[in-house]
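Enquirer: One-letter residues, chain by chain:
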Amino acid sequence: MFKLFKKDKIENIDNIFNYLADKYGGGTDPWGLNFKRAKKYLNMIFPVFKNYFKVRTFGIENVEDKQYMVVSNHSGQIAIDGLMIGTAFATQVWPPRILRPMVERFFTNLPFINKWASECGSVLGDRDNCQNLLERGESLLIFPEGVRGVAKSTKDFYHVQPFTKGFYRMALKANIEILPVAVVGAEETFPYVYQAKGLAKMLGMPAMPLSANYFPLPSPMDIHIGKPIKVEQSLIDQDPSDKELDEHIEKIQATIQEMLNQGLKNRRNYIFKKRGNKNE
Amino acid sequence: MNNIKSVLIIGASGGLANILCGILSRKYPHLKIIGVDTRHPRVKITTPNFEFIRIKYTRGNFEKIFRERNIDALFHLGRMSHSKSSSQSEVEERLNLNLIGTNKILELALKYQLQKVIILSTHHVYGALSDNPVFIKEDSPLRASIKYPELRDVTEMDSICTNWMWKYKDQLETIVLRPCNIIGPQINNTISQYLRSSIAPMPIDFNPTFQFIHELDMASIICNCLFDVKTGIYNVAPEETITLKEAKELVAHSYVPFPVSILSPVAKIVKKLWTFPDYLIDYIKYPCIIDGRELMRNLPDVELRFTTKQALKLLRL
Numbered sequence: 015m016f017k018l019f020k021k022d023k024i025e026n027i028d029n030i031f032n033y034l035a036d037k038y039g040g041g042t043d044p045w046g047l048n049f050k051r052a053k054k055y056l057n058m059i060f061p062v063f064k065n066y067f068k069v070r071t072f073g074i075e076n077v078e079d080k081q082y083m084v085v086s087n088h089s090g091q092i093a094i095d096g097l098m099i100g101t102a103f104a105t106q107v108w109p110p111r112i113l114r115p116m117v118e119r120f121f122t123n124l125p126f127i128n129k130w131a132s133e134c135g136s137v138l139g140d141r142d143n144c145q146n147l148l149e150r151g152e153s154l155l156i157f158p159e160g161v162r163g164v165a166k167s168t169k170d171f172y173h174v175q176p177f178t179k180g181f182y183r184m185a186l187k188a189n190i191e192i193l194p195v196a197v198v199g200a201e202e203t204f205p206y207v208y209q210a211k212g213l214a215k216m217l218g219m220p221a222m223p224l225s226a227n228y229f230p231l232p233s234p235m236d237i238h239i240g241k242p243i244k245v246e247q248s249l250i251d252q253d254p255s256d257k258e259l260d261e262h263i264e265k266i267q268a269t270i271q272e273m274l275n276q277g278l279k280n281r282r283n284y285i286f287k288k289r290g291n292k293n294e
Numbered sequence: 609m610n611n612i613k614s615v616l617i618i619g620a621s622g623g624l625a626n627i628l629c630g631i632l633s634r635k636y637p638h639l640k641i642i643g644v645d646t647r648h649p650r651v652k653i654t655t656p657n658f659e660f661i662r663i664k665y666t667r668g669n670f671e672k673i674f675r676e677r678n679i680d681a682l683f684h685l686g687r688m689s690h691s692k693s694s695s696q697s698e699v700e701e702r703l704n705l706n707l708i709g710t711n712k713i714l715e716l717a718l719k720y721q722l723q724k725v726i727i728l729s730t731h732h733v734y735g736a737l738s739d740n741p742v743f744i745k746e747d748s749p750l751r752a753s754i755k756y757p758e759l760r761d762v763t764e765m766d767s768i769c770t771n772w773m774w775k776y777k778d779q780l781e782t783i784v785l786r787p788c789n790i791i792g793p794q795i796n797n798t799i800s801q802y803l804r805s806s807i808a809p810m811p812i813d814f815n816p817t818f819q820f821i822h823e824l825d826m827a828s829i830i831c832n833c834l835f836d837v838k839t840g841i842y843n844v845a846p847e848e849t850i851t852l853k854e855a856k857e858l859v860a861h862s863y864v865p866f867p868v869s870i871l872s873p874v875a876k877i878v879k880k881l882w883t884f885p886d887y888l889i890d891y892i893k894y895p896c897i898i899d900g901r902e903l904m905r906n907l908p909d910v911e912l913r914f915t916t917k918q919a920l921k922l923l924r925l
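Residue numbers (the numbering used here), protein chains in the order written: chain W, 15 to 294; chain H, 609 to 925.
Bear in mind the hints are in silico, worked out from the structure with no lab data behind them. Fair warning: this is a prediction, and the values are worked out from it, not measured in the lab. Every residue gets a Cβ at the ideal spot worked out from N, C-alpha and C, and that includes glycine. Take the hints with a grain of salt, since some may be wrong.
[Stated by the list, open to error] In the DMTMM-like style, the derived pairs of lysine to aspartate or glutamate whose C-alpha atoms are separated by at most 25 angstroms in a straight line are:
| id | chain 1 | residue 1 | chain 2 | residue 2 |
| --- | --- | --- | --- | --- |
| 1 | W | K37 | H | E758 |
| 2 | H | K917 | H | D836 |
| 3 | W | K37 | H | D680 |
| 4 | W | K187 | H | E854 |
| 5 | H | K755 | W | D253 |
| 6 | W | K54 | H | D899 |
| 7 | W | K211 | W | D142 |
| 8 | W | K187 | H | E857 |
[Said to hold, decoys possible] Here are the computed distance ranges between Cβ atoms for each label pair:
| id | chain 1 | residue 1 | chain 2 | residue 2 | range |
| --- | --- | --- | --- | --- | --- |
| 9 | W | L278 | H | R804 | 38 to 46 angstroms |
| 10 | W | E149 | H | D778 | 42 to 50 angstroms |
| 11 | W | I92 | H | K635 | 57 to 65 angstroms |
| 12 | H | R804 | W | S255 | 18 to 26 angstroms |
| 13 | H | I631 | W | K265 | 57 to 65 angstroms |
[As the list claims (entries may be wrong)] Calculated Cβ distances over 12 angstroms to all of chain W for the following chain H residues:
| id | residue |
| --- | --- |
| 14 | N657 |
| 15 | Y720 |
| 16 | L737 |
| 17 | I768 |
| 18 | F814 |
| 19 | P816 |
| 20 | E854 |
| 21 | Y894 |
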């Protein structure tokens, strides 16, 4: 418990922040990212990243110094996976970067939360926003499963839900590489969940999880970064139909599912299973 | 287009129009410039090629000017902006002037075969909504009046002008400008009043980004549109943005931090006691950032004289 509150410093912190300051420093960007505040929040979140969720990051060698569309499975009822991926890319990967996670529309209406999230780099998940950010050299973090991914019942854990197609069209338009990421461990932050879809619909909510716990449990997480995937070059500057995109999107989906399956084999034990080895 | 010998500026007493009159008079000494307004001129312009006429905005008066003065081009800067009051009579007056008045002016421009019409709209037409993308382009839908009917005149006036522009594009060159927030010592619009005020609420629960353009830069751009920009709708804004909090800190000596998400329900109650423009609250909650690159492609040699911070600091004076 005390380890959580131990003020762990990010390794190589000066180099990381100097690099990020050069890129993002000087006030707030048009989408609300404020590097000074993002740095403050990063310092606050890092102990949680390191000591509470004990995040390990694999596949760092797959990340080069270029723009990516980071595409990940979505899990954990609330966007903790997004927070952890963002922290990993800012502190564990070189060169570090502030990913721009795309958030749902209802998010931008939330007082305080929207302000905090946009200061950290999150943006509205809108095609125009996506295009404008890509034009300006930003790397995006996208969860193509959307709410279906994050709001799963226990029985559906680690089954990647069907991807929407918008992200691939954007990637084609910008001719940008897709970096697949699989997060293992976020599902079990809320291990026993039932999604009351009927109730959610009645209340006009995107989801209504009925959970045994409402505070995320310290499930150890692994972030697996896969090899970048080039978009289908023959479809660039075309207007492909949904059917033409399906094959390529399903490939990415299958890649992430496979990464999850492999990740599950090598994951650490956690509170709900037997005590695992301490070699972390 | 180089045959333009005389221009008419509607709303010439306004701060921005006043500056435009001065710039046009000096830049094009051969041009005959006529300024009209219902109000007295703010600053007397003494250049020999400028004439100010105080008129009532009636069709007859405008027709007389068009008929007698041989107008070649028109700058319509006479849009009535929002006041604190949203009383029925004020709303009606605004609708009358902005919609019916604009329509009549465009009809006259066509009837008297003007060569060019430049209309000043506003970026407010896009609306301040939580799901606004950043860098809204000119072909984005105009959503200002979705939530608040009080903003109907803003979008409808813009729509009248753009419809006119497309319908008569072979007969009349029309430019519709949608500028971001214009600020400067001569401008006394809502945002300037808000920024200067030490008691206006400063949101602590939202922190939208804003774009500002100095009145001199805006007037220069309007002037450049006369000869250098073709028919079209153009956003006018720098790439630079600044948060509302940073802007307020540059201008006001102090401010009142307040959770603006409770301001709307409070305003509804307060409104029963005194008029309050609750439809403007969203503009201090959500961003309305526009993409101004299209216009700058038409004006590649134009550079803005004032950065955002410089423009805001000048507002403090």
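Enquirer: The structure should be examined with respect to each hint, and the outcome stated for every one.
Expert: Outcome of the hint check:
For the hint pairing W/K37 with H/E758, the CA-to-CA distance comes to about 42 angstroms; that exceeds 25 angstroms, so the pair is violated. Of the pairs offered as hints, the one joining H/K917 and H/D836 is violated, with about 28 angstroms between alpha carbons and a cut-off of 25 angstroms exceeded. This hinted pair does not check out: W/K37 and H/D680 have alpha carbons roughly 50 angstroms apart, beyond 25 angstroms. Our distance criterion of 25 angstroms between C-alpha atoms is broken by W/K187 and H/E854, whose separation comes to about 35 angstroms.
Between H/K755 and W/D253, the direct Cα distance comes to roughly 34 angstroms. Violation of the 25 angstroms bound is thereby established for this hinted pair. Using a Cα cut-off of 25 angstroms, the hinted pair W/K54 and H/D899 is violated, with the two alpha carbons roughly 30 angstroms apart. For the hint pairing W/K211 with W/D142, the CA-to-CA distance comes to about 30 angstroms; that exceeds 25 angstroms, so the pair is violated. For the hint pairing W/K187 with H/E857, the CA-to-CA distance comes to about 40 angstroms; that exceeds 25 angstroms, so the pair is violated.
Checked against the hint of 38 to 46 angstroms, the C-beta distance between W/L278 and H/R804 comes to roughly 60 angstroms, which is inconsistent with it. A hinted range of 42 to 50 angstroms for the beta carbons of W/E149 and H/D778 is inconsistent with their spacing of about 34 angstroms. Checked against the given bound of 57 to 65 angstroms, the beta carbons of W/I92 and H/K635, roughly 59 angstroms apart, stay inside it. A beta carbon spacing of about 55 angstroms between H/R804 and W/S255 contradicts the range 18 to 26 angstroms that was offered as a hint.
The supplied range of 57 to 65 angstroms is met by H/I631 and W/K265, whose beta-carbon atoms lie about 59 angstroms from each other. Residue placement check: H/N657 keeps its beta carbon more than 12 angstroms from all beta carbons of chain W (closest about 41 angstroms). Chain W leaves H/Y720 outside its interface by the beta-carbon criterion, the shortest separation being 40 angstroms against a cut-off of 12 angstroms. With a closest Cβ-Cβ approach of about 9 angstroms to chain W, H/L737 is found to fall inside the 12 angstroms limit, against its non-interface label.
For H/I768, the non-interface assignment is confirmed: its Cβ lies about 26 angstroms from the closest Cβ of chain W, beyond the 12 angstroms cut-off. Interface exclusion of H/F814 from chain W breaks down, the closest Cβ pair being 6 angstroms apart, not more than 12 angstroms. Taking the minimum C-beta to C-beta distance to chain W, about 8 angstroms, the non-interface status of H/P816 is violated against the 12 angstroms cut. Remark: the non-interface label on H/E854 conflicts with the geometry, its nearest Cβ contact in chain W lying 7 angstroms away (cut-off 12 angstroms).
The claim that H/Y894 is not at the interface with chain W is violated, since a C-beta of that chain comes within 12 angstroms of its own (minimum 8 angstroms).
Hints 1, 2, 3, 4, 5, 6, 7, 8, 9, 10, 12, 16, 18, 19, 20, 21, counting from the list given before, are not met by this structure.
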